[in-house]
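A.B. asks: Sequence:
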Amino acid sequence: MKTLQFILLFGIISTNIVAQSDSTAMYKKRVLESTEVDILSSYFKQEGDNASVTGGIGNEDLTDFTPNIIISMPLNDDAILTVDFGFSTYTSASSSNADPFDSSGASSGEEEDDDDEHEEDDDDDDPNTMITGSPWLASSGASEKDTWVNLTVAYSHYSDDRNKIWSANSSYAKEYDYTSFGLGGGYSRLFNEKNTEIGINANLYLDTWKPVYPTELDTYLEVNGDLTTGFFSTADILDQNGSVTEKNGNTWNPENFKLINDKGRNTYSLSLAFSQILSRNAQISIFADLVQQNGWLSNPMQRVYFADKSNYFIGNSESISYYTSKQNTDVFMLADDIEQLPDTRLKIPIGMRLNYFINEFITLRTYYRYYTDDWGIHSNTYQIELPIKFLRNFTLYPSFRYYDQTAADYFAPFDSHLSTSTYYTSDYDLSKFNATQYGIGLSYTDIFTHLKIGKFGLKSVDLKYNNYERNTGLKANYFAFSIKLIKD
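Once you know that position 38 of the sequence shown is 38 in the numbering used here, the rest is easy, because the numbers rise by one and skip nothing.
These are calculated hints, taken from the structure and not from any lab test. All values reported here derive from a predicted model rather than from experimental measurement. Be careful, since some hints might not be right.
Once the Cα atoms are required to be at most 20 angstroms apart in a straight line, the calculated SDA-like pairs of lysine to any residue come out as [stated by the list, open to error]:
1. K263 - N299
2. K247 - V223
3. K174 - L206
4. K487 - R30
Restraint ranges, calculated between C-beta atoms of paired labels, are given here [unchecked claim]:
5. L204 - L451: 36 to 44 angstroms
6. N241 - I69: 56 to 64 angstroms
7. N359 - D262: 56 to 64 angstroms
Note that beta-carbon positions come from the ideal geometry of N, C-alpha and C, so glycine has one too.
Produce the entire structure from the sequences given, and follow the hints as far as they go.
C.D. replies: Next up, the structure:
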């Protein structure tokens with residue numbers, strides 16, 4: 001769920017390196033004069049009809065609120081310690097349908113170890129009450145909402161001439177279904193009177209899943225396929241024609257589904273960057289990344305349906321004929337399996353930025369990135385931003401971004417995969433699509449920090465808005481606010 005948010009955030013960030021020379025100074029200037037505090041917050045809202053949790057169709061409405069605080073502290077003349085803490089709290093219609101039959105919030109949202117004893121649901125529901133669900137309606141289960149928490153600590157050290165910079169960082173992140181630990185480091189070297197910079201960074205992330213499976217598949221294994229016990233004992237299983245099936249006869253059988261054994265996911269990344277001041281007005285930067293992932297790279301919550309298997313449902317038989325329509329509010333199709341993807345992935349993005357200072361009021365910022373991986377995805381990202389300075393302290397920056405990608409080798413829409421395939425997904429983030437993003441931002445900057453807030457001076461305030469839309473129908477709006485404070 002975080003994938004789209006993370007694309008929007010990356011798309012609106014831009015950099016502009018200003019050459020400085022302290023060669024004539026009679027003293028060593030501190031890298032950071034005093035403590036700086038950045039307070040950021042964002043609100044993200046999306047809507048769409050291709051929820052991956054329900055097999056490529058269904059409600060994928062999502063809202064996310066993310067506050068964040070970054071504190072940068074000078075340890076001495078040459079070193080900076082940065083602490084970055086934030087959390088993201090979201091509500092997701094798609095994730096809630098890990099258990100589409102839960103209208104009471106009784107689902108724990110957690111999965112016990114494979115060898116633990118499973119307890120059957122002690123349901124006191126009225127046996128005459130029909131059990132229903134729908135991919136178009138949000139359930140009230142525990143997976144409907146969650147909070148992601150992240151803490152990153154980084155250390156940077158500069159040489160006396162400020163031409164050499166090395167850094168190290170560590171991070172920790174946790175959500176209800178995964179935990180991540182990260183370590184990294186980097187080195188940068190400036191040449192040519194600081195007009196040229198070369199940098200290298202390496203990072204390692206060790207993640208662990210706590211799998212949450214679609215409730216019908218998890219329950220099927222709990223009862224060892226006996227559909228007369230547990231949850232299934234009170235629910236009629238319907239065939240494509242809406243007829244009730246014999247539970248001990250020829251009926252729903254998700255024989256491909258198995259619990260995850262390897263719950264780890266490791267990510268290794270190496271980044272190279274080159275920046276060059278071309279003239280008084282132009283600066284270019286080129287970057288390349290190499291990212292290798294190993295382990296469980298699928299999402300255990302995401303359903304897959306097979307075209308060569310019969311379809312079975314729980315709910316109102318009269319709604320089966322228009323199952324893929326939003327009119328369907330009371331029948332749910334039982335999954336054939338969860339998403340299955342290779343346990344390795346190699347990603348290679350290569351890109352460049354070109355910034356041109358037109359005059360004292362207008363700067364042109366451009367960005368291009370080409371991405372490829374060994375799952376068959378190739379993509380292009382184009383972005384242009386035009387900061388316009390006015391009223392001395394204010395800058396308006398409109399932006400436009402275009403993105404296109406090919407589909408992964410393992411993607412197919414709802415109910416289109418074959419059960420004989422090794423890998424399959426109906427996650428539309430891995431489909432072929434193109435997207436446009438329009439943005440506008442307003443920034444206030446006061447390098448002299450005339451406005452005081454306690455012991456801190458206000459250096460800048462930024463407001464941002466972005467509108468994002470895919471040709472698959474997904475739409476999103478993003479709002480962000482940030483302020484930078486400097487300790488007096």
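A.B. asks: Now, for every hint given, state plainly whether the structure supports it.
C.D. replies: Right, here's what the structure says about each hint:
| no. | hint | verdict |
| --- | --- | --- |
| 1 | K263 - N299 | holds, 11 angstroms |
| 2 | K247 - V223 | holds, 13 angstroms |
| 3 | K174 - L206 | holds, 12 angstroms |
| 4 | K487 - R30 | holds, 15 angstroms |
| 5 | L204 - L451: 36 to 44 angstroms | holds, 42 angstroms |
| 6 | N241 - I69: 56 to 64 angstroms | holds, 57 angstroms |
| 7 | N359 - D262: 56 to 64 angstroms | holds, 57 angstroms |
In this structure, none of the earlier numbered hints is contradicted; all agree with it.
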